[in-house]
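Chemist: With these hints in hand, go ahead and build the complete structure from the sequences.
If you read the sequences in order, they're chains B and G. When we follow my numbering, the leftmost residue of the first sequence carries the number 1, and every step to the right adds one. When we follow my numbering, the leftmost residue of the second sequence carries the number 1001, and every step to the right adds one.
Fair warning: there could be bad hints in the mix.
Stated by the list, open to error - Below, a list of computed lysine-lysine pairs in the BS3-like style, where the Cα atoms sit at most 25 Å apart: (1) B/Lys3 to G/Lys1358; (2) B/Lys3 to G/Lys1125; (3) G/Lys1363 to B/Lys3.
If you're looking for bench data, these hints aren't it; they were derived computationally from the structure. Every value quoted in this text rests on a predicted model; they were computed, and no experiment measured them.
So you can see what is in the structure, the chains are spelled out below.
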Amino acid sequence: MTKYLLLKHYRGAPKGAHDVPMDKWTREEFDAHVKYMSDFADRLEAAGQLVEDHALAPSGMWVRYDGEGKPPVTDGPFAETKDLIAGWMIIDVESEERAVALAGELSAAPGAGGKPIGEWLELRPLMTDETAPTFE
Amino acid sequence: MDDDLVRDLVPAAISVLCRRGADFASAEDAVQEGLLKALDSWSDSPPGSPLGWLITVSWRQFLDQTKSAGARRARELRVTEEPAPSTPAGQDDSLHLYFLCAHPTLTSSSAVALTLRAVGGLTTKQIADAYLVPEATMAQRISRAKRQLRGNRLDAPGDLATVLRVLYLVFNEGYGGSIDLTAEAIRLTRQLASLTAEPEVHGLLALMLLHDARRVSRTGPDGQLVPLRAQDRTRWDTTRIAEAIDILQSALAVDRLGEYQAQAAIAALHADAQHVAETDWVQIVSWYDELLALTNSPVVQLNRAVAIGEADGPQVGLAALADVDPAVPRHTAAAAYLHEKAGDVAEAAALYTEAADKATNTKERNHLLREAARLRETP
Chain B
1 MTKYLLLKHY
11 RGAPKGAHDV
21 PMDKWTREEF
31 DAHVKYMSDF
41 ADRLEAAGQL
51 VEDHALAPSG
61 MWVRYDGEGK
71 PPVTDGPFAE
81 TKDLIAGWMI
91 IDVESEERAV
101 ALAGELSAAP
111 GAGGKPIGEW
121 LELRPLMTDE
131 TAPTFE
Chain G
1001 MDDDLVRDLV
1011 PAAISVLCRR
1021 GADFASAEDA
1031 VQEGLLKALD
1041 SWSDSPPGSP
1051 LGWLITVSWR
1061 QFLDQTKSAG
1071 ARRARELRVT
1081 EEPAPSTPAG
1091 QDDSLHLYFL
1101 CAHPTLTSSS
1111 AVALTLRAVG
1121 GLTTKQIADA
1131 YLVPEATMAQ
1141 RISRAKRQLR
1151 GNRLDAPGDL
1161 ATVLRVLYLV
1171 FNEGYGGSID
1181 LTAEAIRLTR
1191 QLASLTAEPE
1201 VHGLLALMLL
1211 HDARRVSRTG
1221 PDGQLVPLRA
1231 QDRTRWDTTR
1241 IAEAIDILQS
1251 ALAVDRLGEY
1261 QAQAAIAALH
1271 ADAQHVAETD
1281 WVQIVSWYDE
1291 LLALTNSPVV
1301 QLNRAVAIGE
1311 ADGPQVGLAA
1321 LADVDPAVPR
1331 HTAAAAYLHE
1341 KAGDVAEAAA
1351 LYTEAADKAT
1361 NTKERNHLLR
1371 EAARLRETP
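Modeler: Here's what the structure looks like:
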């Protein structure tokens, strides 16, 4: 089993297949979208493949160390940041094929006009931190 | 009360419930409930007959489940309030439980989870922690597996090869939580070996013991990976190695070679060398030839190429490696090692760095990055 991260971007992903911004959607379209996402998570849990599922607030800040005895420096938020993560889902699956199939399914969430938005999702395997006892 | 003892009773209790007419899924659920009650209350006052206690509590649980599932189903099951006198679970029952939990129709992750619960007596929470997934997800994985098994009887013939694959997976994967899964895999394989004389089962047990005997020396003081050639061999568990070699020799004497026996033979040759320079690489290569004939696996081909590099020199090893599909995991790491052996330090350093990018776990990645740094420091 390998765990994969499905990363959803507000900005920074290539343009999706049916890319109508959310502020142009009707309430019905929005509800259908939300329902699709939560049903998807429920199905994954029922399949024993969901590890976690989180959305991120779009606003945040940058923080860095600024030397001994000084408080960390903060900056931002930067409205123009190129890449902005919207949230993620971690799944635990048998194969990369299954991970790709699930990402495809998630990307098919309906948007404007009830059509699949076809947004690009980033799929990244998680590294484990132990090696098998048999590896040498 | 010792948790291990409680867990030993789980498969026996499931078998008894099945023999009294419960289907496997319900029996397993009921015994898991009984187990949780036992873990909860036995620490204060362990019962005189733990198995009898677990069976009684689980049976009651089963009857409650059945009643709440409706009287119709209860009639169909034709079970009675008065159980037949319980006989201890027989060897066949225990063996069939392994077969059922590792049924070939299940995915490997489902089979692993179900085996750990029904044969290993672990709780869903312990299994979830070991595989770093939420308990709810693991519970779903297990109940889904049991739904898939509906209609399979506990006495159906099984597939030993799947059982062994599942046990080896338990040995090799899962590191979270409080349960030591390598020890658990050894316990379950040992138990299976007591139920059958099948040489591959004993080969797998020997293989696990050999790897486990070298376990402490695989990790350095800061948690870093120490490759076999650099391990402190005085830390190897020689009692465990001797036990494994005994088991392996008896298995090989049956003269029905299989992949686990062949792998164990290779591990035994490593374990037998007091110093890395004493390693009998020629014999290791011939075992890899056997293993390749048995499995035709590209991973075996890769390891064989490295062994050839040790036996016949790095150039011959690199030639053998050239025949291996470059997509096989650790191909680049093997190439790096053989190039280093051939004295091609710059190429080796570049390959170690490249291999680090392809590593799927952080220990291995860090090891490869350190190897690259070591070579860059070489004057």
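Chemist: Taking the hints in turn, state whether each one holds.
Modeler: The hints, checked one at a time:
As the CA atoms of B/Lys3 and G/Lys1358 are separated by approximately 16 Å, the hinted pair is consistent with the 25 Å bound. For the hint pairing B/Lys3 with G/Lys1125, the CA-to-CA distance comes to about 19 Å; that is within 25 Å, so the pair holds. Proposed proximity of G/Lys1363 and B/Lys3 is supported: the alpha carbons are some 17 Å apart, at most 25 Å.
In the structure shown, no violation is registered for any of the earlier numbered hints.
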